[in-house]
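J.: So you can see what is in the structure, the chains are spelled out below.
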Amino acid sequence: MFDLVGFIPRAVVQSIPLLLGCTGETISEKAGSLNLGIPGVMYVGAISGVIGSFLYEQSCGGEVSTLPAILIPLCCCLLGSLLMGLLFSFLTVTLRVNQNVTGLAMTTFGIGFGNFFGGSLIKLTGSEVPSIALSATSRVFSKSLPFANDLGWFGKIFLSYGFLTYVAVIIAIIAGFVLKRTRTGLHLRAVGENPATADAAGIPVNKYKYLSVCIGCMIAGLGGLYYVMDYASGVWSNDAFGDRGWLAIALVIFTIWRPNVAIFASILFGGLYIFYLFIPSSSMATKELYKMLPYVVTIIVLVLTSMRNKRESQPPEALGLPYFREER
Amino acid sequence: MENRVAAVSMQGISKSFGTIQANYNVDLNIYRGEILSLLGENGSGKTTLMNMLAGIYYPDEGQIFIDGKPAAIHSPKEAFSYGIGMIHQHFKLVDVFTAAENIVLGTIAKGKLDMAKATAKIRTICETYGFDVDPEQKIYNMSVSQKQTVEIVKVLYRGADILILDEPTAVLTPQETDKLFAVLRNMRNDGKAVVIITHKLHEVEAISDRVAILRKGQFIGELITKNTDAQEMTNMMVGHEVKLNIDRPEPVDPRPKIEVDGLTVRSSDGILKLDDVSFTANAGEILGIAGISGSGQKELLEAIAGLQGVESGTIRYVNDDGSREELVGKDPLEIAAMGVSLSFVPEDRLGMGLVGSMDLTDNMMLRSFRRGKSLFTDRKTPRELAEKVVDELEVSTPSVNTPVRRLSGGNVQKVLVGREIASAPTVLLSAYVVRGLDINSSYMIYDLINRQKKNGVAVIYVGEDLDVLLELCDRILVLCGGKVSGVLDGKTAEKRQVGLLMTQLGGGEPVEQ
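Top to bottom, those sequences are chains C and H. Sequential numbering from 362 applies to the first sequence in the working numbering. Sequential numbering from 10 applies to the second sequence in the working numbering.
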């Protein structure tokens, strides 16, 4: 018997970093910036939060109070990701550097940045294992509603998560609404589809591009923070975050640039990610095969999406292209 | 007449791009309740001048006055706040948005986006001036003239009372042009100031009250339209006398050269582009092809050139000895190897004809690099050819080592046509070769094409200017929605007749692309 009640919550916690990364990338792509630096941004977001909370925990000797324990890592994470966003938009919007090259460089940089400071902190603590545990902060982040356990399967499936989970879902819903229904969203999409048109219509193209990249990066950075503080119970070890950033980018195409679809799609991906744990009596070899699932599905989905020829399902037309008004 | 206050007055305007002086010390007045034509050759700075009103560019020198008050227009948004709206030559529309979404784009109103209210306002505007637009329709489903209408509604929606139209008729059929002009007259009578940028003299005569002429970035003068004629305007525009008739030498010994029979072509997404097309193109004759853009002209030429897959039908090339060879199923290289020479001037010049980042010599080499047995390519002959083309066609370029991307549109075209003709073809396929070219360059190209005709080349000429098609071509084949709706004799055909064939197939519905 497949343990659905056990499976769904685990799929959900897997999905949240993907969802945040995907929402952030969608916002950025809708305004025409293909930010392949997202995996790096998520690393930077995570390590920034870790540094903040590490210093806080050190300073108060493990006796943390709730509000600063949340706010300090949160602000550090947002600041770190924002700086990455500013770097990306300065390079690609102001200097009009190739977006792919910039993004890949930022991913390499972000991962190196995370591992470097992660390693330094591990050295500082003089720990035996190659990781730092921020269990006090993590307890605050992963605290679920007190009555969740009394509600049986309902509580388990819907209420057993830390607050960042709900924040991620709310952000995705808001992002979907803003993109689809508001004036700001219309302008942002116009910038991504046809910046010359947007410019002629009086929309400040560069401002929208900067904003979308920076906000996108901050949202994606939260995904990194969630991973360390909630999913990994406050344990940072180098390279543990893995390739979730790339899955998040693939998810953007899978969801046809719609954050509200991403909520379900990311849970699906999260489920595939841990599916092998729920297959009873499987050998090591078959387990490895099951671990391939998210990637196989990604490839299939990319093939399928590229075959759709409905105009609305296509990427933003100016995706990846720099815009220069006086180009002749 | 001159004591009224100008809606817009531009004084001493100069603008340069790098070393190129696009406008120099231009004075121009625009009045309400009047249609002004801004006439000039390509590269004379008409569009640049108007872009400075629209806030796309900012003048280097000079002052703009709106209703007598000095104004600085730094951005399109500020242009709107002065009531200036420009309809660009290349439509500034977002394809995946609906008409209404495009129209409200960039409007400053605060608060929630109320599409229902916006749609209602759009419908009101449409009724006032007689536009035919469905606000809910997506742009990519629209025909060119519908898109243009959306552009016009867009500026009106924003309350513009100074309208600038950049070559609005370039993509329209005569009937659509008439409709547009009627709308423009409605707007003039409504007290709006209308500027239309054009290089077509008959349009200037048909629509405008006043005409201002630019040449090489400088203001040459202005005329009251009803007191002038085409010859005077041309002379002012070009700077010297130009003969306004296109030669049409009698075809010499026309023999069939290309026989197309039952040609049917589908695009990659399964849309029928050509439907049972049959015709014969004769050597020593110019066969014109007319049609609304997207009626299958591109596919037809590409099918003959071997670039387009064919669903059914045959294309036969007739050798000098009368034997026939099938072209369908051969790739472009094979067609060339057979001794069949097809010179192709694609619709999208820089996309298919030339490589923008390569210089003139290298672009000439694209035709010749396979020749010779040496390991190294021959650069000398292409260089000589490039120099010859530059010389004979008066291409204005710093040198043959300049990337073609840096040349202006007209010069790019001359390079392309020059190269194609230099390969001494027996069949010359040309599409829109004079698109956007000024009078001087256009006539030079017509002359080149006529010379090919005299040499016994079968010329297939796809054009959009019906006046030219009627004057240049011996026969005109009209395409409508991928079908041949008629073949007319160039000497006797009338413009209206061609226009009707372009839009209707046996009295049926107009076919949209």
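Wrong hints could be hidden among the right ones.
[Stated by the list, open to error] With a Cα cut of at most 20 Å, we get these calculated SDA-like pairs of lysine to any residue:
(1) H/Lys147 / C/Gly546
(2) H/Lys147 / C/Leu452
(3) C/Lys541 / H/Ile148
If you are wondering where the hints come from, they were derived from the structure by calculation, not from laboratory data.
J.: Next pair to validate is C/Lys541 with H/Ile148; report whether the Cα-Cα distance is within 20 Å.
T.: Distance of about 17 Å is within 20 Å: holds.
J.: Check the hint pairing H/Lys147 with C/Leu452 against an upper bound of 20 Å on the C-alpha distance.
T.: 34 Å, violated
J.: Checking one constraint from the list: CA of H/Lys147 to CA of C/Gly546, max 20 Å. Satisfied?
T.: 18 Å, holds
Of the hints listed earlier, the one the structure fails to meet is number 2.
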